[in-house]
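Heads up: the sequence lines are chains R and B, in that order.
Each residue of the first sequence is one higher than the one before, starting from 1 at the first, in my numbering.
Each residue of the second sequence is one higher than the one before, starting from 1 at the first, in my numbering.
I should point out that these hints are in silico values taken from the structure, not numbers from a laboratory.
Bear in mind that the values here come from a model prediction, so they are computed numbers and not experimental data.
By construction, the Cβ of each residue, glycine as well, lies at the ideal position given by its N, Cα and C atoms.
Take these hints with a grain of salt, some might be off.
[Said to hold, decoys possible] Derived EDC-like pairs (lysine to aspartate or glutamate); straight-line CA-CA distance at most 16 Å:
| id | chain 1 | residue 1 | chain 2 | residue 2 |
| --- | --- | --- | --- | --- |
| 1 | B | Lys-368 | R | Asp-271 |
| 2 | B | Lys-18 | B | Glu-57 |
| 3 | R | Lys-217 | R | Glu-255 |
| 4 | B | Lys-482 | B | Asp-146 |
| 5 | R | Lys-343 | R | Glu-313 |
| 6 | B | Lys-368 | R | Glu-270 |
[What the hints assert, rightly or not] To give an idea of the interface, some chain B residues facing chain R are shown, with a C-beta separation under 8 Å as derived from the structure:
| id | residue |
| --- | --- |
| 7 | Cys-83 |
| 8 | Val-100 |
| 9 | Pro-101 |
| 10 | Tyr-103 |
| 11 | Ala-105 |
| 12 | Gln-148 |
| 13 | Tyr-201 |
| 14 | Gln-239 |
| 15 | Thr-242 |
| 16 | Asn-257 |
| 17 | Tyr-329 |
| 18 | Arg-332 |
| 19 | Phe-375 |
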Amino acid sequence: MFEPVIGIEVHAQLKTESKLFCSCSARFGASPNSNTCPVCLGLPGTLPVLNKKAFEYGIRTALAFNCKVAEISGFDRKNYFYPDLPKNYQITQQASPVGVNGYLDVVIDDETRRIRIKRVHLEEDAGKSIHEGGDITGAVFSLEDYNRAGVPLLEIVSEPDIRSPKEAYEYLSMLRRTLLYLGVSDCKMEEGSLRCDVNISVRPKGSDSFGTLVELKNLNSFRAVERSLEYEVKRQSELASENKEIIRETRHWDEEGQTTVGMRRKGLAEDYRFFPDPDLPRLIIGESWIEKVRSDLPELPGERKARFIRDYELPEYDASLLTDTQQLADYFEEAAKEYGHAKTVSNWIMGELLRLMNVTGIGIESVKIRPCDLVAMLKMIDKGTISGKIAKTVFEEMFTQGKSPGDIVKEKGLVQIADEDELTKIVDLVIQDNQKVVEQVKAGKDRAIGFLVGQVMKETKGRANPQMVNELLRQRLAGEN
Amino acid sequence: MKLSELGAFELLPMIKRKEVSVEEATVGILNKIKAVDRDIQAYITVTNEHALQRAKEADLRLNEGKPPRPLEGLSVAIKDNICTKGIKTTGASVYLEDFVPPYDATVVRLLEDAGAIIVGKTNLDELAMGSSTESSAMFPTKNPWDLQRVPGGSSGGSAAAVIADEAVFALGSDTGGSIRQPAAFCGIVGLKPTYGLVSRYGLIGYASSMDQIGPMTKNVRDCAMLLNVIARHDPKDAQSYTGEPVDYTQFLIPDINEVIVGVPKEFLNKGLSKSVKDAFMKALNKLEGLGAKVVEVSLPHSDHALAAYYVISSAEASSNLARLDGIRYGYRAAGCEDSASMTAISRGKGFGSEVKRRIVLGTHILSKGNFEKYFNDALKIRSLIFRDFEKIFKECTCLVCPSSPTVAFRIGEKIRDPLEMYLSDVYTVPPNLAGLPGISIPCGFDEEGMPIGLQIITKQFDEATLLQVAYTFEQATDFHKKKPQLQKYDCGSESTRGDRNV
Ligand SMILES: [Zn+2]
């Protein structure tokens, strides 16, 4: 039996206004080379000046991942030639990353797994090459867009603590969720603001040795990470069990074929000739700065989930789902606080709200129903103003129209009929029209009464209070005896 | 005396009093350039039109009654590794032959805002790597005192321009002596400020941890005036000093009675030529005569300074120059297979041999295994040297030593022997490693009439003391008043208007 040993490197673009070392906009989607200046184009004589905000985001993230924040941090140059790298070196943090030795707790099948985080560091992104007429080797010419060059990146490197593709998926989800809670990154994989590289090897279960490392690339979604790892685990385990050699290499995930394909051998490790960047002074991170950043930390997803379970007595499943995003959790919490019965609120959010959001593709931030509207609707149910069944219709209307439940109920005449006299009239009418069924009920076929209830609801367009209809029917039928 | 021969402190009051128009002063310099630069070749680019345009604007300002600015109408030469917006900045390299920066270096902005007129860009050793200006890809600059000799380097063009009156003053850059050694070779004043005092933004990086821009002037007073303008905090340079600006001219008081002058004994041994040593000993006597106390001190780790300097500077240079890759600007080799070979061939053709030597050396030093062996050791030496100086400055006000072990050597004499050439900087390198300010001032001439420089070093950000000691010495001597005889200088008819006698 073999077990996989997996480590993940995540690159997250920071959501700062400007780039890491110049004042150019760091926004995605501008026309090519419009977000550039002499500094990020690496013109001779230009110098980098650190974006303090980006660095603070680094501290913020390091703290959220329980890292030790460096007392003195600095930047190093990673030297390599590539056309998308304007200075032909990347300013990064090799020797003194902003944070080290942290961890992230991930819950898998009700079990908490602690994945250690080796380091969190800041670096600048490179530009983008566009190869005209094939890939880089076959291209007729290449174009360079340096808008992305110098955009701040945070690299988060895990220890090889991940033991299954599913764990990798959960780790990434929790990491992304945390970054979103922190508000430091958009984490949009499709725009490249979140990227991951995965290392995987296999070893006999129980062993503490390490197998030959394979690096996986072209992972454009967390699902792709999970699938490619599943494929690799299988591939490597088969090779290992047949005592065949596993080659140290980088493999490309082929989304269409759902396989990994070897790209190039990892020969001698590349020599990046790291050395401290003489253009940037060492940064002394005082305790007071760290404490200030710490005091600004939001409640993180793990903590919030635990609190939801504790304070609102929600099942683990509900708490997980509701804390998936900060906005959803805020939404729930606002409604739950006002309404009181948290589980009912949770049911409505997890049931109707998420269903409608899914169908329409609308995110929680654009949902028209305000938490107080949801509460108002729940109170109408409690008062008997509307039935639970009608409530679903009302809720859909609220979702599409954005009106208050009161207005919708009034406009559409959806108020529940709970007037005994009015209902009695309808019940009598239904009894009259359905003598056959009445006979069956009287003959002891109790379940046939449901049909009669249904008929009453039909007559009232669902507005009758079902409990009262039931009682009235029984009374009248018993009375006829 | 000709108008072009005036120093800044003499010319500025005349401009302020409107005895001389800015245009007249500028034309005087431009005509001098026209007359002598064919022989001296101090300039790579002369900005005639730009200068005249700026001069007219300045006169207009003055005539409108606007107050004169601190360097109003003074012609300045800029070393051609300092970026000037819209003016070619070549670094004396084939690679940047046609490079026109889209931005100004901070110092250039400061100078122009202070009213200075840029008259041209001066020659240097390619990308500031060298000690003779012979490694310029354009042409070697000649020493105005003897056209067979080098002006020193790498700021040889600026030094030659100043002594030949082709500029009122100039900017140079100094990484291991590139201001002070040519200042000594040409008999002018050259100051390398404390690391961080002057912004490096816009200076084509050679060794970022040591590069400094500084004034090269006819006398110490001009030096203080120029420093006043360029020593400013710059948010564009993360290593820039954040202290308040200082008026350095207030320290120009000839008084060194309280001063204790340290003489590092290691600097008076091997390699020091007799004429330089003699001039230096006389200078020591002079200082003593002026009231200073002279003591012998030791810089025990200075033997390793040159080695440490070449390790660190080459390493940093190899990385700094990687951006010159044939892709975004500069020289691009044609007909290449792919971008990798385009970069390789462009660099191969764009750089001269001294630059290549240092890039290869630096790349080697930074590679795995060597980094620990060489780079880290060099950093250790660097901090030891820093401590040596710290210790000395507990008992001394300043240090003095020769600026260079010899006077200007002959063109071609050392170009084939890099190690011999490197020794030219043996006295100027330690202050760069320690980030200290150093100034070279004229202190004598050898028997062949070649100038000799005296280097004064103080602790960090103590340019005030530095200038005071230098000024006191200068005021008590006449070396700075002597000028080279430029035989071919012909004050023709077209220059009479600009360069009248005063
Ligand atoms: Zn920029």
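Quick one: which hint numbers does this structure break? Sort them smallest to largest. 8, 12, 15, 16 and 18
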